[in-house]
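**Student:** Below, each chain spelled out in residue letters.
There are 2 protein chains.
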Amino acid sequence: MSKTIITIGREFGSGGRTIGKEVAARLGIECYDDKIIDEAAKISGFTTEFIQGIDEKARTSLLYNIVMSTAYGAPFRSNANGAMSLDAQVFFAQQEAILKLARKSCVIVGRCADYVLKDEQNLLRCFVYAPLKDRLNRAVGEYGIDKYNAQKIVQQEDKSRRNRYNTYTDRIWGARENYDLMINSSIFGILGTCELIVKAAEEKCGT
Amino acid sequence: MSKTIITIGREFGSGGRTIGKEVAARLGIECYDDKIIDEAAKISGFTTEFIQGIDEKARTSLLYNIVMSTAYGAPFRSNANGAMSLDAQVFFAQQEAILKLARKSCVIVGRCADYVLKDEQNLLRCFVYAPLKDRLNRAVGEYGIDKYNAQKIVQQEDKSRRNRYNTYTDRIWGARENYDLMINSSIFGILGTCELIVKAAEEKCGT
Numbered sequence: 001m002s003k004t005i006i007t008i009g010r011e012f013g014s015g016g017r018t019i020g021k022e023v024a025a026r027l028g029i030e031c032y033d034d035k036i037i038d039e040a041a042k043i044s045g046f047t048t049e050f051i052q053g054i055d056e057k058a059r060t061s062l063l064y065n066i067v068m069s070t071a072y073g074a075p076f077r078s079n080a081n082g083a084m085s086l087d088a089q090v091f092f093a094q095q096e097a098i099l100k101l102a103r104k105s106c107v108i109v110g111r112c113a114d115y116v117l118k119d120e121q122n123l124l125r126c127f128v129y130a131p132l133k134d135r136l137n138r139a140v141g142e143y144g145i146d147k148y149n150a151q152k153i154v155q156q157e158d159k160s161r162r163n164r165y166n167t168y169t170d171r172i173w174g175a176r177e178n179y180d181l182m183i184n185s186s187i188f189g190i191l192g193t194c195e196l197i198v199k200a201a202e203e204k205c206g207t
Numbered sequence: 001m002s003k004t005i006i007t008i009g010r011e012f013g014s015g016g017r018t019i020g021k022e023v024a025a026r027l028g029i030e031c032y033d034d035k036i037i038d039e040a041a042k043i044s045g046f047t048t049e050f051i052q053g054i055d056e057k058a059r060t061s062l063l064y065n066i067v068m069s070t071a072y073g074a075p076f077r078s079n080a081n082g083a084m085s086l087d088a089q090v091f092f093a094q095q096e097a098i099l100k101l102a103r104k105s106c107v108i109v110g111r112c113a114d115y116v117l118k119d120e121q122n123l124l125r126c127f128v129y130a131p132l133k134d135r136l137n138r139a140v141g142e143y144g145i146d147k148y149n150a151q152k153i154v155q156q157e158d159k160s161r162r163n164r165y166n167t168y169t170d171r172i173w174g175a176r177e178n179y180d181l182m183i184n185s186s187i188f189g190i191l192g193t194c195e196l197i198v199k200a201a202e203e204k205c206g207t
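First to last, the protein sequences are chains Y and E.
The first sequence begins at 1 in our numbering and counts up by one.
The second sequence begins at 1 in our numbering and counts up by one.
Hints were generated in silico from the structure; no laboratory data involved.
Values in this document were obtained by computation on a predicted structure and should not be read as measured data.
C-beta: ideal position from N, C-alpha, C; glycine also.
There is no bait here: all hints are sound.
If you want a taste of the chain Y side facing chain E, the calculated C-beta under 7 Å gives, among others: (1) Tyr129; (2) Arg176; (3) Asp180; (4) Leu181; (5) Met182; (6) Ile183; (7) Asn184; (8) Ile187; (9) Phe188; (10) Gly192; (11) Lys199; (12) Glu203; (13) Lys204.
Below, a list of computed lysine-lysine pairs in the DSS-like style, where the Cα atoms sit at most 30 Å apart: (14) Lys35/E / Lys159/E; (15) Lys35/E / Lys3/E; (16) Lys118/Y / Lys199/E; (17) Lys152/E / Lys133/E; (18) Lys159/E / Lys133/E; (19) Lys118/Y / Lys133/E; (20) Lys3/Y / Lys199/E; (21) Lys159/Y / Lys159/E; (22) Lys21/Y / Lys199/E; (23) Lys118/E / Lys159/Y; (24) Lys3/E / Lys133/Y; (25) Lys42/E / Lys159/E; (26) Lys35/Y / Lys104/Y; (27) Lys21/E / Lys199/E; (28) Lys104/Y / Lys118/Y; (29) Lys21/Y / Lys104/Y; (30) Lys133/Y / Lys199/E; (31) Lys133/E / Lys3/Y; (32) Lys21/Y / Lys100/Y; (33) Lys100/E / Lys21/E; (34) Lys118/Y / Lys159/E; (35) Lys159/Y / Lys35/Y; (36) Lys104/Y / Lys199/E; (37) Lys118/E / Lys152/Y; (38) Lys100/E / Lys199/E; (39) Lys118/E / Lys133/Y.
Construct the complete structure from the given sequences, taking the supplied hints into account.
**Tutor:** Pasting the structure below:
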């Protein structure tokens, strides 16, 4: 198989992570998600727990995002004391980790990987989405999220993904021009979506 | 083959019409585009030329759209004299034509068909897009559009499609929630895009 990198952006609850693992298994390649945090920790000197904590804060705290934005302005800019935001430092460490892991064929779920790897030749950029009601069902039934808070949590997760993507790239999360293929996973199911991604990888990368 | 209806929304110059014809040929079913106008003419009593003229005006004249909108308000509303806009009458005639033609398996390109056929069970809703530069190349090289006006014309066509879709449906043209599958035709080429649509039809409709 020629080198194949597949990135999967996804709406929360659309099954993107499961799809990524299944696609990787079918192609006999690695799927990276949490391993990016481990690798970023090695690169940056931060602990895995610290990076996870930054991820968590960015995800759950609007106040945190506002403070970061106010203190540092654009994410890549240092503040008055020359310091780059911790969020930006973690983003750059994850970016280095992605570039390192993508030296070999792999699937990478989330983490702006389609943008980070934009110069990669054999790159298939996918985005997986689904209607809100189906994502709520998955969030409650599979991820164990309390059903009374599910809608708030699902929308907060999407907002966090959108904010981070839009902040660290010059692109808009989920906008079609950033992707090669966008799939409604409710229509095709997890396995059908995998079939389509594998087929697309064959078409684009000769997998 | 079980009944299969495939709708293809598309950015101008992305090759959507060619893709529609090729997909239909592979599945051994009809592809409807201009035939919808003929059928709408029969249904409405307007001539084919008149309907084409309305289509053309809507496409090329911003002033026409403003006048229609000012005179009639929402497209489905009659004006003070109880008359429905000609544009709306043509839309409804085309809608009836689509519903009639879609009694059998077929591919329908454009004309808000994904919305018109929203209650159809075996419906695969596709959207084909491509970067502007590639669409300009196709507009000049294949459609024979003057290269100095190509960008203006391509963007005007997209705007017209967007306006009509957004006006006559309660949806946003090109927004992912309206489609099952969205494909960047520059990445996969005409034939690769057809392969993916046929595969998706197999997955969804058991084609």
